[in-house]
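*Asks:* Residue-level listing of the chains:
Number of protein chains: 2
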Amino acid sequence: VNIEIINTGSELMLGRVLNSHQQWLCRQFADHGYTVNRQVAVDDSGPAIQQAVREAMAHADLILVTGGLGATSDDRTRQLIAQLLGRPLQEDSSVVTHIEQFFARRQRAMPLSTRVQAQVPGGAIVLMNAFGTAPGLMLDLPPRAGANRPGLLAMLPGPPRELRPMFASRVLPRVLNQFPRTEPFVCHTLRTTGLGESQVEEKIAEPLRALTEGGLELGYCARPGEVDVRFTARGANAQRLVDEAQRLARERLGDVVFGAEEELLEAVVVRLLAEHKQTVALAESCTGGLIAHRLTNVPGASAVLLAGLVTYSNEAKQKFLGVRPETLAAHGAVSEPVAREMAEGARAHTGADFAVAVTGIAGPSGGSAEKPVGTVFLALSTPTQTLALKQFNPWERETFKYVTSQQALNLLRRRLTPSERQSAVSAG
Amino acid sequence: VNIEIINTGSELMLGRVLNSHQQWLCRQFADHGYTVNRQVAVDDSGPAIQQAVREAMAHADLILVTGGLGATSDDRTRQLIAQLLGRPLQEDSSVVTHIEQFFARRQRAMPLSTRVQAQVPGGAIVLMNAFGTAPGLMLDLPPRAGANRPGLLAMLPGPPRELRPMFASRVLPRVLNQFPRTEPFVCHTLRTTGLGESQVEEKIAEPLRALTEGGLELGYCARPGEVDVRFTARGANAQRLVDEAQRLARERLGDVVFGAEEELLEAVVVRLLAEHKQTVALAESCTGGLIAHRLTNVPGASAVLLAGLVTYSNEAKQKFLGVRPETLAAHGAVSEPVAREMAEGARAHTGADFAVAVTGIAGPSGGSAEKPVGTVFLALSTPTQTLALKQFNPWERETFKYVTSQQALNLLRRRLTPSERQSAVSAG
Chain B
203 VNIEIINTGS ELMLGRVLNS HQQWLCRQFA DHGYTVNRQV AVDDSGPAIQ
253 QAVREAMAHA DLILVTGGLG ATSDDRTRQL IAQLLGRPLQ EDSSVVTHIE
303 QFFARRQRAM PLSTRVQAQV PGGAIVLMNA FGTAPGLMLD LPPRAGANRP
353 GLLAMLPGPP RELRPMFASR VLPRVLNQFP RTEPFVCHTL RTTGLGESQV
403 EEKIAEPLRA LTEGGLELGY CARPGEVDVR FTARGANAQR LVDEAQRLAR
453 ERLGDVVFGA EEELLEAVVV RLLAEHKQTV ALAESCTGGL IAHRLTNVPG
503 ASAVLLAGLV TYSNEAKQKF LGVRPETLAA HGAVSEPVAR EMAEGARAHT
553 GADFAVAVTG IAGPSGGSAE KPVGTVFLAL STPTQTLALK QFNPWERETF
603 KYVTSQQALN LLRRRLTPSE RQSAVSAG
Chain Y
203 VNIEIINTGS ELMLGRVLNS HQQWLCRQFA DHGYTVNRQV AVDDSGPAIQ
253 QAVREAMAHA DLILVTGGLG ATSDDRTRQL IAQLLGRPLQ EDSSVVTHIE
303 QFFARRQRAM PLSTRVQAQV PGGAIVLMNA FGTAPGLMLD LPPRAGANRP
353 GLLAMLPGPP RELRPMFASR VLPRVLNQFP RTEPFVCHTL RTTGLGESQV
403 EEKIAEPLRA LTEGGLELGY CARPGEVDVR FTARGANAQR LVDEAQRLAR
453 ERLGDVVFGA EEELLEAVVV RLLAEHKQTV ALAESCTGGL IAHRLTNVPG
503 ASAVLLAGLV TYSNEAKQKF LGVRPETLAA HGAVSEPVAR EMAEGARAHT
553 GADFAVAVTG IAGPSGGSAE KPVGTVFLAL STPTQTLALK QFNPWERETF
603 KYVTSQQALN LLRRRLTPSE RQSAVSAG
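Chain order of the listed sequences is B and Y. So for the first sequence, my numbering puts the first residue at 203; every next one is plus one. So for the second sequence, my numbering puts the first residue at 203; every next one is plus one.
By construction, these hints were calculated from the structure, which means they are not laboratory data. Be aware that a few hints might be false.
If several chains are the same, the list does not tell them apart, and a pair holds so long as it fits within one copy or across any two.
Keeping only pairs whose Cα atoms sit at most 25 Å apart, straight-line, the calculated DMTMM-like set for lysine to aspartate or glutamate is [to be verified]:
(1) K405 to D276
(2) K573 to E302
(3) K521 to E546
(4) K592 to E257
(5) K405 to E302
(6) K592 to D245
(7) K573 to D233
(8) K521 to D457
(9) K592 to E302
(10) K521 to D555
(11) K479 to E517
(12) K479 to E538
(13) K405 to E213
The structure displayed is predicted, hence computed values, not measured ones.
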């Protein structure tokens, strides 16, 4: 199956927004054993969109078009494609009802203009939008020249929070059904933190060589504070190859592996705390609330997170965490003793089982020869002891914050994984 | 001039990396008055790259190809394009010298494989790589059908730190010279929060009609909690059209406009606080630290943010903010009286000039008939009074948090904008 993605939007061609759809959709297809052959971005003018769709129809079986389904004057995808395919638009009453209910639930008047979103090309399947008003649309296409089966064109709304669930719940099942893979395909991802990409590769490439020679594909994806390892295989042996690769990799990587597939580190931490019926408090300086933000993204966080104290100023560190002025004066706010007192103070003031503290220099200013920008001290206070860790994260501000939050969550995770309790960090 | 960008790389088509070249290059062109007509991404196989270049040559005057110029087996762009254009590769001795020097300066042996990067198609201009070994290449193209001047094809290396300076120093000057702009081009963006996309359009479309009929282009870009309005125009009147459009839009939208171009709401808030030499404290329940995180993403936040208190539990609300148990018992944690006491408590406990508080139900569970998921109370405590605001944000958890943080930052921003001080919110 030949797949093409067409992203529409003048904001793309003017470089105003990053095209995150391309990566997300390509990733979804790859994870299900399909390869996207081509992605095209064009502005939202009529000729550009119609030309892109016309060209795609010449070589692709499956065409995804994103954007331009809203209610403003620059949303023309629906109309342009209906025209190109000769399938006139007609109002769909179920979409009108959906839009009316959407605004009624929000106790807002329905702007008249939004009704244009109920215009549907003849014969289209309506994909109701669970997170917005613009429906997605799926249309059968005649077989392209040289193909022996009909094609499919799907239009999806531009906002990622609307597009993603719609793709997963409606488009992907249809694709799996209409374009079945001819051979088994297995894909599995292990998520690691604490090692760089080449360090991960060094640990597993050699032990897995027999499997890769037997058809296993190994892929690495490095992001700040994280390296994913992807195992894929096709054919009759696919499941066996991937299972064996995973087992070997987990053995070699140990607790550097924090999860699998889409599971986030913060979700692992919330799950482990909930399983142990334990609670945590946070004392954040340089991460500025990001650790709390990440934990509270996880449904159920309220059962395990008692409080997060973002203590940017020395005064706040003293008042809310009980850090001693002498400690601050003797060692400076960015120091191991202050990190320890922050963690111990957060634990004492909240009654949590654990407290995690971070203090560091995010930059761009504030560094010194002794403590350059990127210097971080982390501490974890437990019912029995306080552990501390020094790190150096010389990245720009937002990456610094993210990597530091990853290290803080990982410090707690390793403590929560019973078998790893002793090897977690060097106790201080 | 018709411009096309071709991004090559299997990692793009597998969704493993985000295509940041597209946005960066499109933005560079837009800022210099050019519009990119189309961007295409293909994998690094021969047929895909050659087909993309062949198609681009049929309609584009200027073609940029990124990636595939390195020394590994999947770097084939140079060879494929040389073949397609019938310009055989030959070794360029200046490139060999550059590569040798590159390794010599780093006191590393030159891997034999890197010498392939000195292979240059006949007649190509070599763009020496200041940050790596692979040179970029520029080739004159014959005029495409219907065009009266020669075209240009540039190949640029994939790593952004190599591509960006090479584009700016070598490709852009050549483009400005070979394809001089025939007419002025102006682009400006206003950023708004507080209204939906259709509401923004309702307010300005009609007043701007004379301008759009006169050649102004209006674009809308909706993100959670934000709508950008983009004004573009070409020709002798471009500046006047965009200036006039902006003036009218600002008049109609009032303080719904929070900034322009790339400025983020959190950056506006930090800037206004710094200008007024004022400070803020945060009391976050349902946003879980996101407001603090956003503010601390802004360099200089430490001068204006005294503390952020993430008080998920009732106990934390009492202990760190002084919320009274009676208020919690009488009204529940998600209520206007609790939001007010949180804001007043945060201000009193930190000595900040302002404190912002939010308490709400992020979901997915925890809602009731009276207070469904998405219910939020916000409060702003100032030196003279406390304002409160009820909102309903029935989105999934992360969008709920983001939109609520946007409302909280906006509540503060409107208070900090002197002319809007009275109309900001209904005082309680």
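*Asks:* Hints the structure violates: just list their numbers, smallest first.
*Replies:* Hints 4, 6, 7, 8, 12 not satisfied by this model.
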